[in-house]
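Given next are the chains, with one letter for each unit.
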Amino acid sequence: MALIMNNEQKKLTQTPLLKIWVPWMGCNLNRRRGSSVPQFCNSPTMIVMVGLPARGKTYISKKLTRYLNWIGVPTKVFNVGQYRREAVKTYKNFEFFKPDNEEAMRIRKACASAALKDVSAYFTKEHGQVAVFDATNTTRERRAIIISFAKERGYKVFFVESICEDPEIIAENIKQVKFGSPDYVDRDIDEAMEDFIQRIECYRANYMSIDDEKDRKLSYIKIFDVGSRYLVNRVQDHIQSRIVYYLMNIHVTPRSIYLSRHGESELNLSGRIGGDAGLSSRGQKYANALATFMRGQTIKDLKVWTSHMKRTIQTAEALGVQYEQWKALNEIDAGVCEEMTYEEIQENFPEEFALRDQDKYRYRYPKGESYEDLVHRLEPVIMELERQENVLVICHQAVMRCLLAYFLDKPADELPYLRCPLHTVLKLTPVAYGCKVESFFLNIEAVNTHRERPVNVNINRNPEEALHTVPDHI
Amino acid sequence: MTNCPTLIVLVGLPARGKTYISKKLTRYLNWIGVPTKEFNVGQYRRECLKIYKSFEFFRPDNEEGLKIRRQCAMAALNDVRQYLSVEGGQVAVFDATNTTRERRGTIVKFAEQNGFKVFFVESVCEDPDVIAQNIVQVKLGSPDYIHTNTEEAIEDFMKRIKCYESSYQPLDEVLDRDLSYIKIMDVGRRYLVNRVLDHIQSRIVYYLMNIHITPRSIYLCRHGESDLNIKGRIGGDSGLSARGKEFASRLRKFIQDQNIKDLKVWTSQMKRTIQTAECLGVPYEQWKSLNEIDAGVCEEMMYEEIQEHYPLEFALRDQDKYRYRYPKGESYEDLVQRLEPVIMELERQENVLVICHQAVMRCLLAYFLDKTADELPYLKCSLHSVLKLTPMAYGCKVESVCLGVEAVNTHRNRPEVGLISPPVSKTNRLCDFGLIYVDVSQKKKKS
Chain S
1 MALIMNNEQK KLTQTPLLKI WVPWMGCNLN RRRGSSVPQF CNSPTMIVMV
51 GLPARGKTYI SKKLTRYLNW IGVPTKVFNV GQYRREAVKT YKNFEFFKPD
101 NEEAMRIRKA CASAALKDVS AYFTKEHGQV AVFDATNTTR ERRAIIISFA
151 KERGYKVFFV ESICEDPEII AENIKQVKFG SPDYVDRDID EAMEDFIQRI
201 ECYRANYMSI DDEKDRKLSY IKIFDVGSRY LVNRVQDHIQ SRIVYYLMNI
251 HVTPRSIYLS RHGESELNLS GRIGGDAGLS SRGQKYANAL ATFMRGQTIK
301 DLKVWTSHMK RTIQTAEALG VQYEQWKALN EIDAGVCEEM TYEEIQENFP
351 EEFALRDQDK YRYRYPKGES YEDLVHRLEP VIMELERQEN VLVICHQAVM
401 RCLLAYFLDK PADELPYLRC PLHTVLKLTP VAYGCKVESF FLNIEAVNTH
451 RERPVNVNIN RNPEEALHTV PDHI
Chain H
1 MTNCPTLIVL VGLPARGKTY ISKKLTRYLN WIGVPTKEFN VGQYRRECLK
51 IYKSFEFFRP DNEEGLKIRR QCAMAALNDV RQYLSVEGGQ VAVFDATNTT
101 RERRGTIVKF AEQNGFKVFF VESVCEDPDV IAQNIVQVKL GSPDYIHTNT
151 EEAIEDFMKR IKCYESSYQP LDEVLDRDLS YIKIMDVGRR YLVNRVLDHI
201 QSRIVYYLMN IHITPRSIYL CRHGESDLNI KGRIGGDSGL SARGKEFASR
251 LRKFIQDQNI KDLKVWTSQM KRTIQTAECL GVPYEQWKSL NEIDAGVCEE
301 MMYEEIQEHY PLEFALRDQD KYRYRYPKGE SYEDLVQRLE PVIMELERQE
351 NVLVICHQAV MRCLLAYFLD KTADELPYLK CSLHSVLKLT PMAYGCKVES
401 VCLGVEAVNT HRNRPEVGLI SPPVSKTNRL CDFGLIYVDV SQKKKKS
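Those protein sequences? They're chains S and H, same order as listed.
Here the working numbering is used: the first residue of the first sequence is 1, the next is one more, and so on.
Here the working numbering is used: the first residue of the second sequence is 1, the next is one more, and so on.
Pulled out of the complex, with its shape left as it was, chain S reads as follows:
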C-alpha cells in the first residue's frame, strides 16, 4: 500500500497560479489537486427525481444543479421531457401519456434510454461528477432499470421524491411553469390547465411511491408538502449529506434578495484594492440614498447583512436598522497586494498580475485568496440566504460577484468578470426556474472599479498591455 520513500526528501514547490505546494517530481501516487475544498466525489453520483407532474422536480433539479456547480462539483441536468419534445416535435394532448398508449410508451422508454446514455457520456467523457435525472420515475419498474444501469457502471444512486397533494400548490406550479412550456405555448390557459390535470391523472394510477419497507436498501430523501416534512434513508457519503442539507434549507416562499456594495470608499477613489478604508463623501451620500431606496421598497421583515469591514458597516449604519456582521462577507484577501493600485502590482509583481489574468477564478494572491477560496467561504452565507426571506446584503466587489454567480448560474470563468458597479443595488426575485434581476443605480456618481480581461495575458507582455483595461482613478 504505502510506497517506501528514499531517504532524500522530495522538494516541494508552490504552483504559481493556485499557490498549492506539490512535490517537485511527479510520482505515481494518487494525488488529488489541492484546493480550498477537498474532493469528495469518488464514484459519480446519479440523483434520480421521483414524483407526479407539477411536484417541483424540475425546480429542484435545476436549483440543486446550480448549487452543486457553484460549490465546484460538476453537475448536469438530464430532463427526459426535453428528449420527448425532440422525439415527438408537436405535443397534441394528454392522450400521449395514457398508460395504454403503446406507441407513446415505446417513445417514452426510448427517450429515457437516450437520456441515460448521455448520463454515461457525461461521466466518462466530460468528467461530470453528478447527473440529475429529471423525470417522473413513478414506477418501481422504471427505477429498477435506472438502478441496474447505475450498478453496472459503478455509479451511486440517490433518489429525491417530491410528494404533494395540496391542490393550491399544484395549481400554482402549473401556472408558473407549465403554461410557458413549449407543450402549451399556443394554447389558451383554461385548455392548458384542463389538459395538464388529465396528464397528471395518467401517471397517478401507476404511481408507486418509494416504499419504506421494500426500498429500505435504497438511498433517498422524500420531500413532503414542499418541505414541511422529510424522510431520509441511508445517506451514503459526503455529497449526499450536503445535498440533503441543501434540500432541507430551500423554500418557495416569495421574497427578494438585495445585493449591493458598500458606498464608494477613500481607497476606491485612489484606485487601490482591498484595505479597510472608510466611505468617501459620495459613498456617504450613497448610504443615505440606499436608506431612502430601501424604505421605498416597503419590505416586510428585512434582514440586513454586512461584512466586518468599515465601509460596509458605515453604509449599513445610515439605514438606521439592525444589521448583522459576517466575517465571511469580507472582501477577497489580496495578500501582498493589499492596498496597491494595479499600476503598483504591475510594477512589483508583473508575473503575478499576468497569472491572474490567465485564470482569474483560480488565481490566488500570494498570502491571499482566490475567487475559488471566496466561494468556499461564502457557502454558509448562501445556505443562510436560502433559509431566509427578504435580505439586503451589503458587501464587496469580488464577494458580490460570487453571490451573483450563484443566483444567476454563471460559470467559474464568467464569475470574476461580472459587473458589480458601486452605488447600484441589484434586486433578485426568484421566479419560475430562475431569478429575475432588477438593477437600480441610485444616481450618486462613483469611480468605476471594473477591470476587464486584457487581450495579452502572457507573462512577457509589456506594462501598457497589462494596464490597458485599468479603470481611471486619482
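Since the hints were made in silico from the structure, they are not lab data.
The beta carbon of each residue, even a glycine, is placed where N, CA and C say it ideally should be.
Not everything, but these chain H residues come out facing chain S in the computed CB check (under 8 angstroms): (1) R190; (2) S202; (3) E278; (4) K288.
Computed cross-link-like contacts, PhoX-like style, restricted to lysine-lysine with a CA-CA straight-line distance of at most 20 angstroms: (5) K397/H / K139/H; (6) K231/H / K271/H; (7) K310/S / K328/H; (8) K436/S / K178/S; (9) K328/H / K367/S; (10) K321/H / K327/S; (11) K11/S / K271/H; (12) K245/H / K11/S; (13) K62/S / K436/S; (14) K427/S / K300/S; (15) K327/S / K328/H; (16) K175/S / K436/S; (17) K156/S / K217/S; (18) K271/H / K367/S; (19) K222/S / K62/S; (20) K156/S / K214/S; (21) K327/S / K367/S; (22) K89/S / K109/S.
With the hints as your guide, set chain H onto chain S.
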C-alpha cells in the same frame, strides 16, 4: 443567531442513545459558540432517591415512584427555565425518556409559557445487538449499578426497559404533525424530519445526520518542527527543520505500526504540514481551512518583537486570547468558525490523521475533549507528539504518543493577569522556557 431560546427534548426508551446524543450535541453547540446545557432527569432522580434498589421503581403502577419521577422532571424544567431565561443560555437539552404524549404535552406547554421553541429528538431502535452494546458501554458503569454484578445489572435493566414499553407513544406522523422534530431510526440509517423552524434547528438536524457510532480513531498532530519554529517566529510558511524531517519519518513508522484500516490523511495548505505528509507515502487531502491562525501584521514575528512593536496588542491578547483578533488577522473564535466544516467531515469519516498547526489543533482538541473557550487557547499541543482520540462511552479516550524527537517548545502559558505584560528578557526566548510568566493555576470552569 437565535432570538428565542430553544428547548431540545429527547424521546425514547432507555438505552437508545439519548444521553449520548444529548452530550454530543451539547458539546458541538457550545464549541460553535451557542451556550448550551443538558439536563438529565435521571440525575435528578438519583439525587432525590439516593439509592437505586431495582427496576421496580420504574413500574408503571408504582404510584410513589411516579410521583417522585414527575417531581424530578419538574425540578429539571425549573432549572431549564433558570438557564434559558435568567442565565443567558440559548439551548437547553432535556434528556429523559419523555415517552408519553402526556409528558411531552406538559413540556410543550411549559415552553410556550416561557417563550421557548421546542425541538424533539426521538431515537428509535429495535436492534438487540445495538441495545446490548449500549447497556454494556454506559449502563453497567452507571451509579445505579455500581454495586451490582454484570449479569444481574443487565437483567434488571432489561426489565426496566419493559416498564416503559407498554406506555411508549412514539412521535406520530399525524397526531404530532405540528411539532418540530427529528426521528432517528436504527442509529442513523433513517431519519424523519418534521417542521424545522429556524437556523439552529437546521444545524442540529445536519449535525445529527452526520454523526455515527462506528468505532474508529482520530489522530491529531502538528507538522514537524519548522525553520521558523526554531527561530521562535510565529506563522509564516516555512519548511521542516532536520528534526522536523526526522519526526515525519518516525510518524510514518508509527502509522504503519498502528496498522489502521483505510486511514485518511489530511493536511493544511502550508508547506510544513504537506512536507510532513509527503513522508508518509500515502495519499493525503489538503484543506485550506486547516491553515494556521493568521497572525496578520504579526506574521513571522517573535514574541519579543510583538512585545516591542505592538505592546498593547500583546497585552490585549493575553487578556482574552480566545476572542482577540490580530490586526489584519484572525482570532481563535474565527478559527473555530472556519474549522466547523472540518469537524463535520471528521464526524462523517472513520479513521483519520490530521496533520495541522498549534492553534488549529487546540481548536479541534477542544471540540473532542469538551474544553471551554477560556481553556482552548492554552491547551498543550507540543511539536512531535501525536494524540490518538478514540470515542468511548460518553466521551473520548486520549492517548498521547511521543515519538522521541526533540523540538522547541512553542507553548506560551497564560500569563499573570495585568494590563501591561512585563518586559521580556532578551536572553531567554519566551517560548523556550514558558517560565518567564508565573503560571496561574487554572481551575476547570464548567460552562
